[in-house]
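Peer 1: Take the sequences, apply the hints, and build the full model.
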Amino acid sequence: MTKQVQQLDRVIIRFAGDSGDGMQLTGDRFTAETAQFGNDLSTLPNFPAEIRAPAGTLPGVSSFQLHFADHDILTPGDAPNVLVAMNPAALKANLVDLPRGADIIANTDEFTKRNLQKVGYAASPLEDESLSEWRVHAVPLTSLTLKALEEFEISKKDAERAKNMFALGLLSWLYHRPTEATVKFLETKFAKKPDIAKANVAAFRAGWNYGETTESFSVSYEIRPAKLAEGVYRNISGNQALAYGLIAASVQSGLPLFLGSYPITPASDILHELSKHKRFGIRTFQAEDEIAGVGAALGAAFGGALGVTTTSGPGVTLKAETVGLAVTTELPLIVVDVQRAGPSTGMPTKTEQTDLLMALYGRNGESPVPVIAPSTPSDCFDAAIEAARIALRYRTPVILLSDGYLANGSEPWRVPETADLPDISVEFTTEPNAEDGSYLPFKRDTETLARPWAVPGTPGLEHRIGGIEKADGTGNISYDPDNHDKMVRLRQAKIDGIDVPDLTVDDPDGDARVLVLGWGSTFGPIAAAVRRVRKTGAKVAQAHLRHLNPLPANTGDVLRSYDKVLLPEINLGQLALLLRARFLIDVISYNRVRGLPFKAEELAAVIQDVIDSE
Amino acid sequence: MSSAESLNGKGLALIPRAEGAQTMKDFKSDQEVRWCPGCGDYAILAAVQSFLPELGLRRENIVFVSGIGCSSRFPYYLNTYGFHSIHGRAPAIATGLATSRPDLSVWVITGDGDGLSIGGNHLIHALRRNVNLNILLFNNRIYGLTKGQYSPTSEIGKITKSTPMGSLDKPFNPISLALGAEAGFVARTIDSDRKHLQGVLREAAAHRGTSLVEIYQNCNIFNDNAFEALKDPSTRDEITVKLEHGRPIVFGTGENEKAVRLSPYGGVEVVRRSEVADDEILVHDMHSPDPSLAFALSRLDDPSFEHVPIGIFRSVDRPAYDQLMAEQLAAATAEDGKGSLDALLHGGDTWRIG
Ligand SMILES: Cc1ncc(C[n+]2csc(CCOP(=O)(O)OP(=O)(O)O)c2C)c(N)n1
Ligand code: SF4
Ligand SMILES: [Mg+2]
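Sequences listed follow chains A and B, in order.
Per the numbering used here: the first sequence = residues 34 to 647.
Per the numbering used here: the second sequence = residues 411 to 764.
Derived from the structure by calculation, the hints contain no laboratory data.
Owing to the predicted nature of the structure, the values given are computational and were not obtained by experimental measurement.
Treat the hints loosely; a few may be bogus.
As the list claims (entries may be wrong) - Straight-line alpha carbon distances no greater than 27 Å define the calculated DSS-like cross-link-like pairs of lysine-lysine that follow:
{"#": "1", "chain 1": "A", "residue 1": "LYS222", "chain 2": "A", "residue 2": "LYS311"}
{"#": "2", "chain 1": "A", "residue 1": "LYS632", "chain 2": "A", "residue 2": "LYS568"}
{"#": "3", "chain 1": "A", "residue 1": "LYS231", "chain 2": "A", "residue 2": "LYS217"}
{"#": "4", "chain 1": "A", "residue 1": "LYS568", "chain 2": "A", "residue 2": "LYS260"}
{"#": "5", "chain 1": "A", "residue 1": "LYS180", "chain 2": "A", "residue 2": "LYS190"}
{"#": "6", "chain 1": "A", "residue 1": "LYS222", "chain 2": "B", "residue 2": "LYS438"}
{"#": "7", "chain 1": "A", "residue 1": "LYS476", "chain 2": "B", "residue 2": "LYS438"}
{"#": "8", "chain 1": "A", "residue 1": "LYS632", "chain 2": "A", "residue 2": "LYS597"}
{"#": "9", "chain 1": "A", "residue 1": "LYS180", "chain 2": "A", "residue 2": "LYS225"}
{"#": "10", "chain 1": "B", "residue 1": "LYS748", "chain 2": "A", "residue 2": "LYS311"}
{"#": "11", "chain 1": "A", "residue 1": "LYS189", "chain 2": "A", "residue 2": "LYS151"}
{"#": "12", "chain 1": "A", "residue 1": "LYS309", "chain 2": "B", "residue 2": "LYS748"}
Peer 2: In structure tokens:
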């Protein structure tokens, strides 16, 4: 039977199953195949914080969404075209997001009476009319997998577990994905258990063959590679890009990297990644708590290392006092906050932009800290280098605000040429800097206002620093009122004077009256929404802030040149508050704090509303 | 033997040596010392300043890191590198410094509040990791800088501004705590006995890994005479149990001479010297791999303060944290070569467009 092949320009697939079903792995592999094929893509993993919530229940559902296309795309997509539901819970939890007419591939073996009851289905939705508006492909994934693996000498449990690879094989057939890399991946992953490796490969192939032979699927789809800029690409997640950016910063600065960190979702993967790269002279220190993590990083910075600490919101609160110490001792330090839903423990695996005001103001005293926010997963690489540049050049702690969406989401990344990376090398002070031949640890560079950095081991420059107010120049303890006022202002002026690039505006015709402003991870959804609105002929400009402190010098001018400024944020209006206070501009806030990224469709409607209300 | 082990007992091996001879003057900074007149901190400062030249290290390779408290002002008065940090966190900050810079001699100055209350967590973890630090814990059994609240080493029932009816909580015994936290080097000394203090510092510096030295320090303003019994000539010899490696543990004079022996209950006990045979007397072995006896000795002053051991309770070598970490970096590099950024970025599954 030859099957029909249909061309599509883009597809959104969501794999959903029990936490134990291996959906993240399945999604990762499909992503790798898709990346290799050359589509543009964007992913959104969504998993419970519990490692293994009770099997078959709604809280236990884990999903992975992937958007891929033959053109450049900006988000993981609003609504899936295809849902792979490994059990009734996965169906029930995800059906709300599924537009009518979408495909559902359901593992019928798991639609048992007991499993249906667990999630409150009185009867199987596969058998009544309730799914009639969707295209349902009922596939007994488990039993087909077991059958395919009959010959293998592995336990039934292990055979059953390979059902995610069967599903992957089926989807790979459906969308013409290349398969060699997955076979290789499985062989490496299970190198120590060759039987399991072979079984998984067999299940994967059986899934592919099933697609080819079954009547449940009469059409398969082709999505041509996207025409992206020339270069070498790889798929990368935000956390991995951030870790690579830190390594690059270490290489480009010539300073050994010291990471002090305490495990916390969704930041731990940066610690894991950096721990693998000891060949770069990287020291990773899993501290007893967040305070020790940042303390050790600051101690290492005092000794001349590139000191870094990585955490999420709850950890940033603990680090505040040490960040203040770094502010006043004027030592370089990078603090990475991978934001998650708060307050308190909040929702550890869900995303939010709610730490902005804490990053800016969450310390005692006048304690200015530069803040940078990457806009996409791969941008985390550049943002890390930029954070290091500012920290080193201005001798200051820098807070980098990533978030759960960037951290775990992934996209193709054009691998930079190392020769094109910025030179951020520093020179330690090795000679006395005062006319009388002494060393003044707080004598500032006239251009940057940065103080000299003389590290222990440098003869003749022995000096003491600390958290008590310092006399300008000598750094000796000083309680002089005027000196304190001067130092407060100097520290502020140093941060205010950091060279950050101007805010650029995307306004194709130059005559839009509405500007949509964003910061951080909302870039993709905002840009996708702006495209939609423009397609209808409406005019809208877009600008995105990467530097939250200091703000680009032209920020006020840009905002003032539009009739209306719309600012979507995944918080209750934190940047809006700042902009209103600073520029007296009444920006229009749009806020949703659901632990999820914005949808393009949702934002497009909001933008249209603002345009129409003119 | 790994290279980390080869440094055992050579606490100063990786630190550059000074060229000429040094004097106490080389280690005095130009800052005016601002403790209360009569404070025990002066004696400790003078003891340290006059001891440092003997180490023969380059001054620029010595760093003093402190937390917050009267005692934590210490680094300002030494002409070395210094970092006066925040309350309780000095061991954490020093851990980052010492782990990334094996060429430095790093000293932590902390108080009983700084090190055992707010910073207790960092202290125990530094000890178990065996970071290459010398931690000097100035124990005055009071919060000095905040004007006299009771501390985690104050005796039960201590009347202070915050405990007008007496404190309720049982104090820490810093030596027991350190031993419980897997410390390799644990000692106690006293501000008024410069010779003893310097002897302990000498051994602490020679130990590679974390050395914890508790220094009894008099706060004459808020807890005067806390250690008077150990200083007063009429009582001190009857109370002070001087621990010396390889020597039977005896103390007191004349009729009051006492000895320490194993008790039938698993600990140690003090008995009249006249009542025990020579071979029953416990011989102090600070190098014993098993910390049980050191721990038992640490309990002698608890809670009575009738006899107080001072000296080195335990001095046992194991590889220090910085060396173990350096070894991992070296091993990773030896196996796969030095990291190449280009190779790293181009690693994984890549594809080319155009
Ligand atoms: C975060 C924080 N909490 C509280 C204080 C106030 N404080 C400063 S020193 C101190 C106690 C010091 O006691 P100790 O460590 O015994 O030092 P001493 O002054 O006795 O030498 C306290 C509570 C502080 N500086 N920082
Ligand atoms: S308050 Fe006590 S510890 Fe502090 S300086 Fe005065 S005497 Fe010394
Ligand atoms: Mg004290």
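Peer 1: Would the hint linking A:LYS476 and B:LYS438 be met if the CA-CA limit is 27 Å?
Peer 2: 23 Å, holds
Peer 1: Starting from A:LYS222, check that the Cα of B:LYS438 is at most 27 Å away, please.
Peer 2: 61 Å, violated
Peer 1: Below or equal to 27 Å on CA atoms is what counts here, so check A:LYS231 against A:LYS217.
Peer 2: With a Cα-Cα distance of about 11 Å, the restraint between A:LYS231 and A:LYS217 holds, given a limit of 27 Å.
Peer 1: Hint check: B:LYS748 vs A:LYS311, CA-CA at most 27 Å. Holds or violated?
Peer 2: 9 Å, holds
Peer 1: If you draw a straight line from the CA of A:LYS568 to the CA of A:LYS260, is it 27 Å or shorter?
Peer 2: 20 Å, holds
Peer 1: Below or equal to 27 Å on CA atoms is what counts here, so check A:LYS632 against A:LYS597.
Peer 2: 21 Å, holds
Peer 1: Given the hint that A:LYS222 pairs with A:LYS311, does the C-alpha gap stay at or below 27 Å?
Peer 2: Measuring from Cα to Cα gives roughly 22 Å; hence the hint holds.
Peer 1: Compare the distance between the alpha carbons of A:LYS189 and A:LYS151 with 27 Å, and conclude whether the hinted pair is satisfied.
Peer 2: Roughly 24 Å separates the two Cα atoms, so the pair holds.
Peer 1: Assess, step by step, whether the Cα of A:LYS180 is no farther than 27 Å from the Cα of A:LYS225, and give holds or violated.
Peer 2: Holds, because 24 Å separates the two Cα atoms, which is no more than 27 Å.
Peer 1: Below or equal to 27 Å on CA atoms is what counts here, so check A:LYS632 against A:LYS568.
Peer 2: Since the Cα atoms of A:LYS632 and A:LYS568 sit roughly 17 Å apart, the hinted pair holds (cutoff 27 Å).
Peer 1: Does B:LYS748 lie within 27 Å of A:LYS309 when you go C-alpha to C-alpha?
Peer 2: 13 Å, holds
Peer 1: Can you confirm whether the C-alpha distance between A:LYS180 and A:LYS190 stays at or below 27 Å?
Peer 2: OK: A:LYS180 and A:LYS190 at ~13 Å, within 27 Å.
Violation of the numbered hints given earlier is confined to hint 6; every other hint is satisfied by the structure.
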